[in-house]
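Here's the letter readout for the chains.
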Amino acid sequence: MAEIQLNDYAVTADGVVKQFGRFAALRGVTAHFAAGKLYVILGDNGAGKSTLLRTIAGLAQPTRGTISVLGTTSIKNLRAQIGYMAHPSLLYDEMSGIENLRYFAGLYGVPEARCREAIEAVNLDPDLERLVGQYSQGMRQRMSLARAILNDPKLLLLDEPFSNVDFRSAHEMAALLAKIRDRRETLFVVTHQPGLLQSIADEFVYMEAGKITDRSSKLRTTEQ
Amino acid sequence: MKRGFTLLALVTALLLSFALYEALIAAPTEQTMGNVQRIFYYHVPSAWTAFVLFLINFVSSIVYLIRRNPKADILALVSAEVGVVFCTVVIVTGPIWARPVWGIWWAPGDIRLTTTLVLWLIYISYLVLRRFSTSGRTPVIAAVVAIFGALDVPLVYFSIWFFRTQHPSPVIGGGGSLDPRMARVLLINWAAFMCLAWLLSWTRYELEVAKRQVEEAQALESLLEGSR
Amino acid sequence: MKSMNYLYAAYIATWVIHGTYLMILARQYSRVRKEMESLRK
Amino acid sequence: MSFLEITRATLAKDIRLEWRSKDAINAMLFFALLVVVIFSFAFDPTAEESRRIAGGLIWVAFLFAAVVALNQTWARELRNQVLDAYRVSPAPANPLFLAKAFGNFIFVSVLEAVMTPLFVAFYKLRVLGPAWELIPIALLGTWALVINGTFFAAISLRTRSREIMLPLLLFPISIPALLGMVNATTAVLTGEESARFWIALLMAYDVVFTTASLLMFELVLEAE
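If you read the protein sequences in the order shown, they are chains A, B, C and D.
Read in order, the letters of the first sequence correspond to residues 0 to 223 in numbering that gives the first Met the number 0.
Read in order, the letters of the second sequence correspond to residues 0 to 227 in numbering that gives the first Met the number 0.
Read in order, the letters of the third sequence correspond to residues 0 to 40 in numbering that gives the first Met the number 0.
Read in order, the letters of the fourth sequence correspond to residues 0 to 223 in numbering that gives the first Met the number 0.
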């Protein structure tokens with residue numbers, strides 16, 4: 000059997016605990032996630048899914064334990080290779096889609112042409128002048144995804160991308176995620192609607208009370 | 000450790016009693032101010048002690064930012080809190096002194112008293128911040144605020160110093176040399192108060208360690224309960 | 000002799016402040032101890 | 000993109016957003032007007048007296064108006080959690096801070112420009128000292144309020160009762176700056192003393208805290 004190299008892992012967590020004052024969100028997550036796969040993270044509210052994602056994204060630092068992403072623990076230096084989409088849109092309501100993306104493209108130092116590509120990739124019209132605040136929920140989520148993939152991330156973290164999104168948009172987004180995965184990029188998707196990703200997910204990760212309790216390549220029947 | 004604590008408590012009690020005797024009885028009566036001058040033996044050592052504690056707060060905040068050692072953070076918190084207690088003593092005894100000597104309770108132009116008041120305000124806001132923080136990294140934020148507060152001290156001092164040159168007011172103990180007997184009593188009192196500060200800080204330190212253990216246990220428990 | 004009153008006031012005030020702080024610490028101690036016991040269960 | 004380029008883009012974005020929504024500026028201008036009017040009722044001095052106290056009145060009024068403005072600094076970044084979008088990007092932290100500080104500086108300067116003539120009219124002020132000195136005093140004083148105000152507003156993001164934390168942290172630290180502004184202004188108005196020392200003090204204050212803020216802002220931004 001070939002030796003497993005550290006670089007083969009997109010994310011390794013070792014005893015990660017995250018505590019906010021009197022509340023804990025993670026209480027010892029130890030796991031390895033291979034690169035180039037699509038992981039679906041499932042669990043009840045308060046199980047620590049979002050916090051795990053934020054820790055991987057480098058937004059929150061673990062209280063104890065270490066987390067390493069793409070082979071390094073200093074996630075700060077990796078930011079150009081990470082994409083993050085949260086439950087809130089992470090967009091300015093008073094600007095149009097392209098204006099939003101142009102600003103963020105500047106932060107990543109990617110060319111402006113990339114903005115149009117990203118918007119087209121999520122099936123929106125880059126010339127739409129409407130402000131993001133006036134978008135429908137489905138459009139806003141798609142624009143939010145466009146922002147997350149602006150920098151062609153090697154690691155894409157999505158927190159509830161399909162919530163309040165109509166069926167058709169959700170399927171389009173899922174198809175796009177499949178395409179990204181097929182480019183050998185790693186995806187983590189937190190969702191309450193695993194059914195949408197059943198056909199494309201590589202692994203389902205179950206979380207409970209701040210710990211990973213189970214991992215399986217098939218969706219548990221009760222969750223379908 | 001327990002024995003060390005008891006020993007320190009004993010030494011502190013003895014020193015404080017001796018210092019009290021020295022301050023009230025052994026020290027000579029000052030000629031112009033009379034017995035009121037004896038407030039000096041509590042007021043000034045308390046101020047020095049508070050400054051030492053705030054200095055410890057500053058140093059341990061920097062150490063925390065560099066080393067990320069939780070002990071440094073606890074020390075920063077403890078020294079600020081005990082420092083505020085001593086600072087309170089200074090601010091309360093100051094006016095009690097000023098009233099019979101100058102005929103006024105407060106002289107805004109007095110550098111030391113006013114600087115102490117500003118320090119008191121700064122460290123109170125530091126302690127309030129620590130209590131109100133929702134961050135998962137309260138120690139980092141607290142350390143940053145502590146450093147800002149410490150940087151402010153020389154600016155406060157100079158601004159009040161210059162303010163005084165424009166608005167003259169009497170100064171406590173400024174100029175003039177101190178009778179050596181008085182200086183001795185002053186130093187004995189300072190030693191006693193430093194011991195008291197050490198004792199209080201030690202107690203508070205242990206309390207904080209216990210508090211954090213409880214907090215962590217509670218945090219984990221609340222998470223488990225939430226999942227049921 | 001009125002000046003003596005100021006002197007006593009200052010000394011008493013000092014000890015009242017330290018005493019109050021000690022009391023606060025003692026109260027917090029007993030609370031933490033109680034919480035520790037309830038956690039042990 | 001370079002440091003300055005990101006600062007410029009962020010500042011431009013903030014101004015554009017404010018221009019479109021006008022959330023803050025209208026309410027703020029009205030608030031500033033109210034402060035001046037109430038002060039004019041509360042203190043009704045003679046011309047000689049007013050010259051002595053005007054420095055204090057004006058700066059205290061500016062301070063109150065500024066706190067309301069400063070509290071809004073990060074409000075826009077919190078809506079839809081857009082701040083996280085900045086934090087996951089590879090852009091350094093300081094351009095964000097500087098853009099916010101410059102934005103606040105412009106904002107508070109506008110407020111002051113509106114309030115000052117009103118004060119002059121209400122209190123029939125006439126300057127007896129070298130009037131040009133009021134310009135550096137105003138610039139340095141405003142920057143002193145704004146630099147720490149922006150920094151502590153970022154700190155109070157990480158606390159409960161955010162709006163009350165800002166003045167609680169800002170006022171004690173600002174005491175030397177406030178002494179400087181007030182005394183410098185009074186010195187110029189009465190023409191009795193030189194404002195030199197106070198201007199130097201304000202400069203020292205600005206340099207110390209601008210440096211400190213730039214050194215430590217990243218710690219605050221990442222403190223989750």
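In case anyone wonders, no lab produced these hints; they're calculated from the structure.
Take the hints with a grain of salt, since some may be wrong.
As the list claims (entries may be wrong) - Straight-line distance between alpha carbons at most 27 Å, and here's what the computed DSS-like set of lysine-lysine pairs gives:
id, chain 1, residue 1, chain 2, residue 2
1, A, Lys217, A, Lys75
2, A, Lys178, A, Lys153
3, C, Lys33, B, Lys70
4, B, Lys210, C, Lys1
Can you give the numbers of the hints that this structure goes against, from lowest to highest?
1 and 4
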